[in-house]
Amino acid sequence: MPKSQFIDPAAVRARGELKFESIPLNTYQKTFEESAKSYTKDDLTGIFHDMQVIREFEGMLYSVRTTKQYNGVEYVYTGPAHLYSGQEAAAVGMAYTLKADDVIFGSHRSHGEVLAKGYAAIKNIDEHGLYDIMKAFQNGAALAAVEKLNKSGDVKNLASDFLLYGFMAELFGRVHGFTRGLGNSMHVFFTPFGIYPNNAIVGGSAGIAAGGALYKRVNNKPGMVVCNIGDASLGCGPVWEALNFAAQDQFTQLWDESRRGGLPIIFNFLNNQYGMGGQTCGETMAYGILARVGAGISPTQLHAERVDGYNPFAVIDAFERKRGIIDERRGPVLLDTVTYRFVGHSATDASTYRTKEEIEAWQSVDAIKTFKEGLIGAGIASRDELTAIEDGIRDRITEIMKISIDESVSPRMNLLKEPDSIRQYMFSNRRIERMEERAAEVSAPKESNSRLQKLKTKSRSAFGPDGKPVSKLKQFNIRDALFEAILDKFYDDPTLIAFGEDNRDWGGAFGVYGGMTESIPYHRFFNTPISEGTIVAAAVGYALCGGRAVPELMYSDFLGRAGDEVFNQLSKWQAMSAGALTMPVVLRISVGSKYGAQHAQDWTSLTAHIPGLKVVYPATPYDAKGLMNAALNGSDPVVFFEAQKLYDTGELFHEGGVPEEYYEVPIGEPDIKRAGGDITILTVGASLYAGLDAADMLDKHGLSAEVIDARSLVPFNYEKVVESVKKTGRIVLVGDSCERGAHASDLAKNITELCFDFLDGPPVVVAAPNVICPCPELEEYYYPQAGWILDAIHEKILPLPGHTAVMNYTSVEKMRRESLGI
Amino acid sequence: MAHTVLMPQLGISEESAILTAWHVRKGETVKSGDKLFSLETGKSAFDVESEHTGTVLALLAEEGGEIAVKAPVCVVGEAGEQWPAYGPAPAAEAATPAPPALIAADVRGVSPRARRLAEKNDIDPASAAPTGPSGRVIERDVRAFVNARTENERAGITESITPAHDIQTVDYQDKPLSGIRKTIAKTMSASLAAAAQLTHTASFDATRVLEYRGLLKNHPELNGVTLTDMVLYAVTRTLPAFPALNAWLMGDTMRVFSEVNLACAVDTERGLMVPVIFGASKKTLLEISRELKTLAEGCRGGGIDPKLLTGGSFTVSNLGQFGIESFTPILNPPQTGILGVNTITARVREADGEIKTYPCMSLSLTYDHRALDGAPASKFLQTLCKNLESFTALLAG
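One line per chain: the protein sequences are B and P, in this order. One gets my numbering by counting positions in the first sequence from 1 and adding 17 to each. One gets my numbering by counting positions in the second sequence from 1 and adding 348 to each.
Chain B on its own, in the form it takes in the complex (with noise of 0.2 Å):
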């Protein structure tokens, strides 16, 4: 909602036609002796090594996976074989412009683009550089493997053997891989050769792959993104979200001069005829041909064209010019790079779905054999030569299968011993102030931001000297201290973005950014589209690549729109590159009221349970800022959630109210907001209110409630609350997630393990019933109130004379709602 821009009636209701430009099909049509001419030998040996690489490993692969040995070795492999044997020649023409800073992300067939990108940063990176990479890698582990078997003393070759190496090992569930064996098959990447994570869900890294592009982009760093995606991504939602994301107009028309322009990305759909069996031209899809989605996107068109990926050449001359377009910040491209793969699916798929015939077609065009009789036929190489590169091929991946699958030298890792080896990686727990050390860009120093200047007027406390109550608009409140955090960190790291929907003029739908505009330009402070999947997929792709992002998702309810982008994409690339990455990745959510049924649900058990995210849900402002700042200064992904009904609410506990500067309060200590004896209410997040009154209520019937604040689910530190248990015998875990699966019944789960002994009733957990939110009126029959705390205590731990239950806790009626699910 740019003010600059005007929305024409008169333009938007004038009568013309949309015309589209025609989208070049195949263009490429020059002979094999005339492609030949513009590559040298060496260059053209090559690309028939890489390709004939691509298809032995799979060879060796699919060997193993069904017959139970390669070329006379034997093992047994269970994991998963998506192979590239087909499609050998679109890998090695995409990967064969690249350079170092180009990076590619890719699917859950990508083996063939992790051998090309591998083999083309192998050419590109000096011997030097490449030695480095591999010594760095484990601290040389795995190149002290290859090295004993690699004796020439050349690097580029020890290099090709550490690239197989690192592959196989990791396929095999090695220490050695590239992963440590935690990615497998689908997931193999290595960031050193700008391979950067492939992704198991089909289309998962369309959005990670554009905000890698906005990584670069806004950074200024050098380079493009090839996302290698499959023709039936196309049939997830997200993928026309990162479309859309990548081509926003705001990047051409709003965005700073110095940042103008479209993405360097380019979306390259390996067109291979089918998701898994289905057809996707003329079974599952409209497009008809893949290239025309283009035209939906953008006027642009997505620079479309469809390539004939099975000549190599036509691959890179796409690749040539697209990079021209690229270059000259006209992108996004999209690309439908046609292919054919020959194996089924997977190992399991009897290719029930086609005929003989249509594999034999390809088969007769197949890429590499044509290719070779190209080079036989242009005399450039000779049979022998080529047999004896294919030869030395089957000799590298036996030799080097080998020592992959050998327990001496390529262990797996020892899960009874080192209990922990995957758990040290699930968090990198890294403190990192600044991404990177240069001068933050900013609109305008920070102290003459009009909002920063307003708070100063503001009362830190929620009471004044006097010790009265101060009026809530001039109490600073938690949308205030998010702000002052947020603002202070725009400051401090210049890699710093955040973005979502409403955030720049309107200040976030919830006033949090309110004045932020004035201070941040375009490029690191931006709204996006309502693109709630590609909002989070954009961060994780910015954070992968080495920036810090702070994305928004308006509503905890519109989680379900980010799904796959939080519970698989967020939480696991730091695991799953085994440490090797990090993700400092702030997203903030808030928790909605008063719009019902799916606009106000607390949703922070959702996240909770989900291995790899931190989740926090502050309370009070002291809280908010504490917390935003420690996450802010983390390496690891941070789900921050915000109640949209505390956003203004001022500081009732710490002495002396919210401090002006900086401090952290760390994540995952809870907070005893009040002392008590008699019983324990643990709070999360904003039903740590209700807890209070609940306390008062029990002062009247002589028993003292410790409230304890959680502040966080994930990590959690129980000390204080094991020791107040243990005091007190009693305890209710209060929140205002829907009691089955809330965050408050694990909390209640562990206390009851942790403190079996000492309780002397349940642990019992007071939450929103398993039911939708009404309208406002009825809220307070959704969310926990102080009262229902007192009927829980009543009926379920220690009953009160004198107090009669308005809510039902008897076991009998849990028992029924239970039985009706309920």
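FYI, nobody ran anything at the bench for these hints, they're computed from the structure. A hint or two may mislead.
Unchecked claim - Pairs of lysine-lysine residues, derived as DSS-like cross-links and limited to a Cα-Cα distance of at most 25 Å, are as follows:
{"hint": "1", "chain 1": "P", "residue 1": "565", "chain 2": "P", "residue 2": "468"}
{"hint": "2", "chain 1": "B", "residue 1": "475", "chain 2": "B", "residue 2": "463"}
{"hint": "3", "chain 1": "B", "residue 1": "744", "chain 2": "P", "residue 2": "468"}
{"hint": "4", "chain 1": "B", "residue 1": "140", "chain 2": "B", "residue 2": "389"}
{"hint": "5", "chain 1": "B", "residue 1": "475", "chain 2": "B", "residue 2": "491"}
{"hint": "6", "chain 1": "B", "residue 1": "743", "chain 2": "P", "residue 2": "468"}
Claimed, not checked - Counterexamples of contact, computed for chain P against chain B with all Cβ distances above 10 Å:
{"hint": "7", "residue": "394"}
{"hint": "8", "residue": "486"}
{"hint": "9", "residue": "487"}
{"hint": "10", "residue": "520"}
{"hint": "11", "residue": "569"}
{"hint": "12", "residue": "616"}
{"hint": "13", "residue": "704"}
From the three backbone atoms N, C-alpha and C, an ideal C-beta is built for every residue, glycine too.
Fit chain P to the known structure of chain B by using the hints.
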């Protein structure tokens, strides 16, 4: 007219008394002044006489029963006369508070916390009255049970405890405790639980007191004066200089007595009794001696006025006649001190290069460290010993 005889209240704090024996039967005629029944309270035993002449129309209590004060015990009137209908004399047990109304008391569990507390106190948690949800025994129930048991133990009423060995093979008999035994039990355990007690023992050369005792033995009027009397006398003359030992510790205050009201332990068939010689520091040795004799007889005979059994400011207990050489007397709260008198033994000492024996008597002082420190307590004992060593000089005072 029928007269209802009520259980008398002998002391202001008495709540009940045990009817130890009936001296009349139903239908028997009695004269005014005839014994109707005997009773025993924590502090005293007493016979209740009839104030009327007539026929015993009803006995409303059984021998051995504990009856609340002012509850009807029997009715005396004219034969055939009607009297108000009384139910059995109400039992004096403390009313057990009814548990609050519970939701479906079909589950009867014990909370882990309650179980822990029960184990710690060596009780079966199932014996506690549950007040938790669904009939669960929770912490407060075990706590209430433990408190009640402690009270009972203090009162001498012990729940029947199943011994670890096979009870079939052991011959035994359960006897209810007498009122005095209960009182002693209660007082003693309360004393040990509440006070910070410790005992110092010191001895003195008893040559002089024995000489003086020998002197009196031949005197026709003074021959009843005992060594105990002499120790009591010395205490009454020593104590005024040590106010913290002639006092009661009552919570945050100390009641310091200007007079020495000396309690003296007396062994009776029913148990230990402690009558008080009021104003003892103003009384002569002979007066103290005679008064103690009267009080002891009253105690042993059962007719002592209960008022003489309370109000002591310091206690002396003599176990010397049993050959006890040292012991730790237990304070009689709220008093802050008690002196134990031990037997006389022969000791040796060196004098002028010669080893000689001398009669040595030791004294054990238990005091409440909450009320005074070790130094003043020791000083008292030291002064007392000196005074006893120069007993005749003390008599002049």
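Hint-by-hint comparison with the structure:
1. Between residue 565(P) and residue 468(P) the CA atoms are separated by roughly 58 Å; this puts the pair beyond 25 Å, and the hint is violated.
2. Taking the CA atoms of residue 475(B) and residue 463(B), the gap is about 18 Å. The hint holds against a cut of 25 Å.
3. This hinted pair checks out: residue 744(B) and residue 468(P) have alpha carbons roughly 16 Å apart, not beyond 25 Å.
4. A distance of roughly 21 Å separates the Cα atoms of residue 140(B) and residue 389(B); the hinted pair therefore holds under the 25 Å criterion.
5. With a CA separation close to 5 Å, the supplied pair residue 475(B) and residue 491(B) stays within the 25 Å bound.
6. Of the pairs offered as hints, the one joining residue 743(B) and residue 468(P) holds, with about 16 Å between alpha carbons and a cut-off of 25 Å not exceeded.
7. Annotated as non-interface, residue 394(P) keeps its C-beta farther than 10 Å from every C-beta of chain B; the closest such distance is 43 Å.
8. The claim that residue 486(P) lies off the interface is violated: its Cβ sits roughly 5 Å from the closest Cβ of chain B, which falls inside the 10 Å cut-off.
9. Chain B draws residue 487(P) into its interface by the beta-carbon criterion, the shortest separation being 4 Å against a cut-off of 10 Å.
10. The Cβ of residue 520(P) lies farther than 10 Å from every Cβ of chain B, with a closest approach of about 37 Å, so its non-interface assignment holds.
11. At roughly 67 Å from the closest C-beta of chain B, the C-beta of residue 569(P) stays outside 10 Å, upholding its exclusion from the interface.
12. Even its closest Cβ contact with chain B, about 46 Å, leaves residue 616(P) beyond 10 Å, as expected for a residue assigned away from the interface.
13. No Cβ of chain B approaches the Cβ of residue 704(P) within 10 Å, the least distance being about 65 Å, so the stated non-interface status holds.
In summary, the structure is inconsistent with hints 1, 8 and 9 from the numbered list given earlier, while agreeing with the others.
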